[in-house]
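Enquirer: Sequence:
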Amino acid sequence: MTTIMYGISNCDTIKKAKKHLENNNVDYQFHDYRKQGLDLALLTELEALFGWEAMVNKRGTTYRQLSDEQKQQLNKELAMTLMLESPALIKRPILRTDEHHLIGFKAAEYDAIFA
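Mapping of the sequence shown onto the working numbering: position 104 corresponds to residue 104, and the numbering continues sequentially without gaps.
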């Protein structure tokens, strides 16, 4: 089974998710948006799985730094543009396997996939 985690390496939630996978001997690849990049094709693929609303991390500093106007006018087109410009706006981690896809980290959800 191919497993890919998407995110930003210095994120605490990413660190927890990676540690959980490693402690459970799960082989995975890590795609760091900052190091390996994020292009429109990948973002579109992920958006088709989750929807842009679920992907926007409204708890992060990147979202809080948006203007009130940007927040009020947020729609798919604007969200996609902002996520391409600032991948830190994307909720983390995104985990994809051949059969499953998750956004965010909950140990029980990971365990259900890899048990």
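No lab work stands behind these hints, which were simulated from the structure alone.
From a predicted model like this one, the values you see are computed outputs, not experimental measurements.
Every residue, glycine too, gets a C-beta built ideally from N, C-alpha and C.
Errors might be hidden in some of the hints.
Only pairs whose alpha carbons sit at most 20 Å apart, straight line, appear in this in silico PhoX-like list of lysine-lysine [what the hints assert, rightly or not]: (1) Lys58 to Lys71; (2) Lys91 to Lys58; (3) Lys91 to Lys35; (4) Lys76 to Lys18; (5) Lys76 to Lys106; (6) Lys91 to Lys15; (7) Lys15 to Lys35.
Distance ranges between label pairs, derived from CB positions [as the list claims (entries may be wrong)]: (8) Asn10 to Lys58: 13 to 21 Å; (9) His101 to Lys19: 17 to 25 Å; (10) Lys71 to Asp27: 38 to 46 Å; (11) Thr13 to Thr97: 15 to 23 Å; (12) Phe114 to Ser67: 25 to 33 Å; (13) Ser67 to Asn23: 35 to 43 Å; (14) Asp98 to Ser67: 37 to 45 Å; (15) His101 to Leu40: 12 to 20 Å.
Enquirer: Can you name, in rising order, the numbers of the hints this structure does not satisfy?
Expert: 4, 5 and 12
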